[in-house]
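Novice: Position chain B relative to chain A; hints supplied.
Just so you know, the protein sequences line up as chains A and B, in that order.
Here the first sequence stands for residues 190 to 571, where the numbers follow our numbering.
Here the second sequence stands for residues 190 to 571, where the numbers follow our numbering.
FYI, nobody ran anything at the bench for these hints, they're computed from the structure.
Glycine residues also receive a C-beta, built at the ideal position from the N, C-alpha and C atoms.
Treat the hints with care, since some could be wrong.
[To be verified] Simulated restraints, written as ranges between beta carbons of each label pair: (1) A:445 with B:208: 49 to 59 angstroms; (2) A:213 with B:297: 51 to 61 angstroms; (3) B:297 with A:567: 38 to 48 angstroms; (4) B:221 with A:501: 32 to 42 angstroms; (5) B:502 with A:419: 18 to 28 angstroms; (6) A:546 with B:447: 30 to 40 angstroms.
There are 2 protein chains.
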Amino acid sequence: MKSFLLTPGPTPVPEEVLLAIAKPVIHHRTKEFGQLLEHVTEQLKNVFQTKNDILTFTSSGTGSMEACVVNTLSPGDKAVVLDTGNFGTRWTKLIKTYGLEPVIVKYPWGQAARPEDLKRTLEAEPNTKAVFCQLTETSTGVVNDVRALAKIAHEANAILVVDAISGLAGQRFYQDEWDIDIVCASSQKGLMLPPGLAFVSVNERGWQCVEQSTLPKFYWDFKTYRKSLREKKETPYTPAVTLLAGAQVALNMLITEGMEHVFSRVELLARATRAGIEAAGLELFAECPCDVVTAVKVPSNLDGADLLKRMQDKYGVKIAGGQAEYKGKIFRIAHMGYIDRFDIIVALSGLEMVLFEMGYNIKLGSGVAAAQEVFLGKNTGV
Amino acid sequence: MKSFLLTPGPTPVPEEVLLAIAKPVIHHRTKEFGQLLEHVTEQLKNVFQTKNDILTFTSSGTGSMEACVVNTLSPGDKAVVLDTGNFGTRWTKLIKTYGLEPVIVKYPWGQAARPEDLKRTLEAEPNTKAVFCQLTETSTGVVNDVRALAKIAHEANAILVVDAISGLAGQRFYQDEWDIDIVCASSQKGLMLPPGLAFVSVNERGWQCVEQSTLPKFYWDFKTYRKSLREKKETPYTPAVTLLAGAQVALNMLITEGMEHVFSRVELLARATRAGIEAAGLELFAECPCDVVTAVKVPSNLDGADLLKRMQDKYGVKIAGGQAEYKGKIFRIAHMGYIDRFDIIVALSGLEMVLFEMGYNIKLGSGVAAAQEVFLGKNTGV
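In isolation and in its complexed conformation, chain A is listed as follows (with noise of 0.2 angstroms):
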């Protein structure tokens, strides 16, 4: 049985970014490791769409986030987190790590932060340093206008603190055009690699925050990074080299495909993805669906845990359930990363039999052609 991968994070690894993570190990203190850090940097700025240097962490996307957290925030700093799922609450819980109290604007899971609020919220607390958002939640499937929140958090003196893990380089997005501060991603999504590494674009705004931060900080420090690459073209301590020799190959089929053809693709998916599963006759659970990942309302009368179970053991294709309160009640499909149109037929043919062998009352083959229909340009999806 072929296995499928199809969860927001980690997502497949094209061979040709496989085959060259395999290659011998290079040292990092070499001008051959220089050489990949400098090409790599300049790859990853195409893809933020900013001309901010682009800081690289050996960690996972929490990490980054963490790192945020401690480079722009001190003691006694007013902080405002847009919580709309499990990876805003995240943003709280690091926050309070430090001794901090953010101000939090929580919204219902499925529905995307609203700038009204944000401007309510900032006229209320004035003084903010730092918004905290997502630009596309992972856990509900949801995305923020985060070039909305930036133009508000800006009038207010404040930063806007965009965690794109699970959006980066499928959901339409323009770090300088659009003035957001700064910036965390991840390798394991979009960007079609391992999971290991993790990237941070600040803008000048955001180094001016950066600059009177003092939180304690010292692997995640900011500023050392930038230090080390704009002296030295290196890491300060040992990275992922295998790693970053895939981020070369991967990066440049982004970009030779275009991030505009990319943004396109992966809209195209997710309107493919959003139809069939509307013509299957489920229901979608975002009210303001992001483009990386589709979450869906398991039918009331079905076993949400035993439908991942048979996608699983009986088609191989894996996706994901529901996080914290919303276990078993929705699934969620990614199309980010190494993801195309037949991956997206493979999933929904996958579902109609699962959802046919438990009962429900499904009409074989109606989410595939509602999605094919979507691919020949038919229909523009919803």
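Specialist: Chain B in isolation, oriented as in the chain A frame:
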């Protein structure tokens, strides 16, 4: 765009096999190689369902067909070819190359060899030495009843030589139980390997014939290979060592699954493919379809070359066209080797989208739904 290889050779190679092939080359005159060859030979006996030695040649499948000709015949010998397609015709070309004139029983493409025709031919041609045929004729997608053909050949004191190149490890086949005298096969079909290796299995009756044969042979000499294998666990000439290392892994996958399960699985894929093709409104080509490849008539108003080109260029799905006079008139979807249910779903959904784009009257999802029904056991298929 991802690629899908559904041609009747080469076929996709599993990642674990590719990794085994990528290991360092070992020398072929070592104990280590001897153990490898011995192990692969034992594994192949299981796949051929025989107690015979299996002779391993570094060549394509055609090389092993030539080997069968030069090891069984002598100048002036009578031979019969049951010609059910392009590869049947290849037997004739090979035999004529060595100055013999075979008796050819030629069938229209799409038909299988009839045992009664062989019976009549052998009555008219007493003292025929050998009968040559295919287990599955790759060019037309038919399966021959080699068990019945062997029985008739033996009644006339002839041996049956079976080209099982596309059939082995897919089409149900039991060499010893069916009393087949000589069988040749190659690596890049049901055995899930790259091209480069060919295998021949000869029973006692076959060896008696080989002992009498005087056609010229050096590289192809069965006796040289058997002697090397038995006395030294070697091949007489340098073998494709890394492919043999891969063979050990691929054969282990087949044997762990169990040949009965392999046969049933491939049969299921064939039934799903045929059901999908017919539900999509297309017509099957073979009167007696085999399990390893499905030949389909190109609708008369469509351009077969354009259909293949669209499948490949726009959808990344590589299927095969027709050969010789059937070029452009049929196409062929293979389901041999490392192909699973979702490869069939991909091929059918891609085909539906291509037919739609070519203006053919197709209901999107219809072929996929029929295949899903077969996989779910709702429909036994055709």
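Novice: Which hints, by number, does the structure contradict?
Specialist: 1, 5, 6
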